[in-house]
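Residue numbers (my numbering), protein chains in the order written: chain A, 3 to 241; chain B, 3 to 241.
Worth flagging that the hints you see were computed from the coordinates, not collected in a lab.
One or more hints might be untrue.
Since the list can't tell identical chains apart, any single copy or any two copies may satisfy a pair.
Here are the simulated SDA-like cross-link-like pairs (lysine to any residue), alpha carbons at most 20 angstroms apart as the crow flies [to be verified]:
{"no.": "1", "residue 1": "Lys109", "residue 2": "Ala139"}
{"no.": "2", "residue 1": "Lys110", "residue 2": "Gly216"}
{"no.": "3", "residue 1": "Lys158", "residue 2": "Val96"}
{"no.": "4", "residue 1": "Lys158", "residue 2": "Pro135"}
{"no.": "5", "residue 1": "Lys158", "residue 2": "His23"}
{"no.": "6", "residue 1": "Lys158", "residue 2": "Gly112"}
{"no.": "7", "residue 1": "Lys158", "residue 2": "Ile55"}
{"no.": "8", "residue 1": "Lys109", "residue 2": "Tyr215"}
{"no.": "9", "residue 1": "Lys109", "residue 2": "Ala159"}
{"no.": "10", "residue 1": "Lys109", "residue 2": "Arg183"}
{"no.": "11", "residue 1": "Lys110", "residue 2": "Ala33"}
{"no.": "12", "residue 1": "Lys158", "residue 2": "Leu239"}
{"no.": "13", "residue 1": "Lys110", "residue 2": "Ala227"}
{"no.": "14", "residue 1": "Lys109", "residue 2": "Ile136"}
{"no.": "15", "residue 1": "Lys158", "residue 2": "Gly38"}
{"no.": "16", "residue 1": "Lys158", "residue 2": "Gln200"}
{"no.": "17", "residue 1": "Lys110", "residue 2": "Gln98"}
{"no.": "18", "residue 1": "Lys158", "residue 2": "Arg211"}
{"no.": "19", "residue 1": "Lys109", "residue 2": "Ala162"}
{"no.": "20", "residue 1": "Lys109", "residue 2": "Gln98"}
{"no.": "21", "residue 1": "Lys109", "residue 2": "Arg92"}
{"no.": "22", "residue 1": "Lys158", "residue 2": "Ile136"}
{"no.": "23", "residue 1": "Lys109", "residue 2": "Ala197"}
{"no.": "24", "residue 1": "Lys109", "residue 2": "Ser163"}
{"no.": "25", "residue 1": "Lys158", "residue 2": "Ala36"}
Since we're looking at a predicted model, the values are computed, not measured.
Number of protein chains: 2
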Amino acid sequence: MPNPTAAMLVIGDEILSGRTHDSNTHHLAGALTAAGIDLREGRVVSDDADAIIAAVQALSGTWDHVFTSGGIGPTHDDITADAVARAMGRSIDVRQDARAILVEHYKKSGTELNDARLRMARIPEGATLIENPISAAPGFIIGNVHVMAGVPSIFKAMVASVIPTLTGGAPLLSRNMDVQRGEGDIAAPLAELAARFQQLTFGSYPFQRNGVYGTNIVARGQDGAMLDAAEAEMADLFG
Amino acid sequence: MPNPTAAMLVIGDEILSGRTHDSNTHHLAGALTAAGIDLREGRVVSDDADAIIAAVQALSGTWDHVFTSGGIGPTHDDITADAVARAMGRSIDVRQDARAILVEHYKKSGTELNDARLRMARIPEGATLIENPISAAPGFIIGNVHVMAGVPSIFKAMVASVIPTLTGGAPLLSRNMDVQRGEGDIAAPLAELAARFQQLTFGSYPFQRNGVYGTNIVARGQDGAMLDAAEAEMADLFG
Chain A
3 MPNPTAAMLV IGDEILSGRT HDSNTHHLAG ALTAAGIDLR EGRVVSDDAD
53 AIIAAVQALS GTWDHVFTSG GIGPTHDDIT ADAVARAMGR SIDVRQDARA
103 ILVEHYKKSG TELNDARLRM ARIPEGATLI ENPISAAPGF IIGNVHVMAG
153 VPSIFKAMVA SVIPTLTGGA PLLSRNMDVQ RGEGDIAAPL AELAARFQQL
203 TFGSYPFQRN GVYGTNIVAR GQDGAMLDAA EAEMADLFG
Chain B
3 MPNPTAAMLV IGDEILSGRT HDSNTHHLAG ALTAAGIDLR EGRVVSDDAD
53 AIIAAVQALS GTWDHVFTSG GIGPTHDDIT ADAVARAMGR SIDVRQDARA
103 ILVEHYKKSG TELNDARLRM ARIPEGATLI ENPISAAPGF IIGNVHVMAG
153 VPSIFKAMVA SVIPTLTGGA PLLSRNMDVQ RGEGDIAAPL AELAARFQQL
203 TFGSYPFQRN GVYGTNIVAR GQDGAMLDAA EAEMADLFG
């Protein structure tokens, strides 16, 4: 059975302007690969309701799971929750369970739960909350869309709590080796190897370290024994 | 007049599997912002012809410029050039000017220009070559699509040679300040500020440094005098 599929949607002007380097896609990619879920597409859009809605609808209609990052804070440019609700055809308002989480959190620190912070309790009708162990304001799941924070530490905590609830397939395994030859030299034998191991995929990535050029060859697949066999052939061919 | 728009398309299984952290989008974002071209969307797709074709067609039909990264090397999984040719309805074959560049490059190093390396001279009909000062194999421009290498050093060199050929708008300028207050505290006055400066956009980004929580406020726009005025008000409000 093929693995479940997923897409990542990064939301935020700060990524597209070059202010901020997105690290959430890379983190999610590793976590999904380990869980046997295939990340198949990534997108980045600005803090624009129409752009978010179009991307959420396209991705949630194409892949099994969608993960979003960014735009669920208290300020005027945090419009992700409302845009996702519209994309999924749900109403949205301050929800009492989310409000209670914020009340308790801000009481502890003696901080006012003002109108801006209360916006973080806006949750689409029928959504399931995602715990935020760092700053309380929850993410949520609506349909197949997982809405999470953009701050990397909070995003990671939310990914860690969500992934175990998903049914994964066989984890994607890999074997890799460094070869002190250029990609152009190993291309032909690598293509033959790939043709013989149709259930695996092979990638090659040129590198330069301390002035030495070489290629890192990666074989990926779900069958560990088959990967071992491919690795042995790689060692014969390129070792 | 609004600025020209652009999209970035990253191509490669290694990004989606979590092996490799894409840094090219971030680099392009900064370079475009400085040139007055608005990066409006980013996508990542796998080394799959249908996925590449669909993304190229969607992005090139929506935005003024498209930039791609990855999949133009010599190995079997480097299918970007052929997929982009199909997406743009062009034929593709080894082109003599690209071949001549490779012949000269490999002659210098005494390396064989084998069939695999010759694939890097496959260029769509009517395309303009993009120089590769590092490893010779060129990128190319077809229609509004700029096809560039995935290796970050080569990608950067290609961006540097392409951007000056594009007509930019007014560069996007920014002013920013750090505030030792949470986002929830500055949200209301920041929203009022944003409402008064409709031609600017305002973002706020929470941070934690040495245990101190705060918010970085960023104002973005093309009018330096207006940004100066907004910065003065930010200092009054939050300083």
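Evaluated hints:
1. Lys109 / Ala139: Within one copy only: 14 angstroms inside a chain, 61 angstroms across chains, cut-off 20 angstroms.
2. Lys110 / Gly216: For Lys110 and Gly216, the Cα distance is within 20 angstroms only across copies (18 angstroms; inside one copy 55 angstroms).
3. Lys158 / Val96: This pair counts as neither: shortest intra-copy Cα distance 25 angstroms, inter-copy 46 angstroms.
4. Lys158 / Pro135: within (11 angstroms within a copy, 39 angstroms between copies)
5. Lys158 / His23: both (16 angstroms within a copy, 16 angstroms between copies)
6. Lys158 / Gly112: neither (27 angstroms within a copy, 48 angstroms between copies)
7. Lys158 / Ile55: neither (24 angstroms within a copy, 32 angstroms between copies)
8. Lys109 / Tyr215: between (58 angstroms within a copy, 17 angstroms between copies)
9. Lys109 / Ala159: neither (22 angstroms within a copy, 53 angstroms between copies)
10. Lys109 / Arg183: between (62 angstroms within a copy, 17 angstroms between copies)
11. Lys110 / Ala33: neither (32 angstroms within a copy, 44 angstroms between copies)
12. Lys158 / Leu239: neither (40 angstroms within a copy, 33 angstroms between copies)
13. Lys110 / Ala227: Result: close neither inside a copy nor across copies, 53 angstroms intra and 43 angstroms inter.
14. Lys109 / Ile136: within (15 angstroms within a copy, 58 angstroms between copies)
15. Lys158 / Gly38: within (18 angstroms within a copy, 34 angstroms between copies)
16. Lys158 / Gln200: This pair counts as neither: shortest intra-copy Cα distance 34 angstroms, inter-copy 34 angstroms.
17. Lys110 / Gln98: Answer is within: at 18 angstroms inside a copy they meet the 20 angstroms cutoff, but 71 angstroms across does not.
18. Lys158 / Arg211: Between copies, since 18 angstroms is at most 20 angstroms while 31 angstroms is not.
19. Lys109 / Ala162: neither (26 angstroms within a copy, 52 angstroms between copies)
20. Lys109 / Gln98: This pair counts as within: shortest intra-copy Cα distance 16 angstroms, inter-copy 72 angstroms.
21. Lys109 / Arg92: Classified as neither: same-chain Cα gap 31 angstroms, cross-chain 64 angstroms, threshold 20 angstroms.
22. Lys158 / Ile136: Close inside one copy (10 angstroms), not across copies (37 angstroms); limit 20 angstroms.
23. Lys109 / Ala197: neither (62 angstroms within a copy, 31 angstroms between copies)
24. Lys109 / Ser163: neither (25 angstroms within a copy, 56 angstroms between copies)
25. Lys158 / Ala36: For Lys158 and Ala36, the Cα distance is within 20 angstroms only inside one copy (14 angstroms; across copies 31 angstroms).
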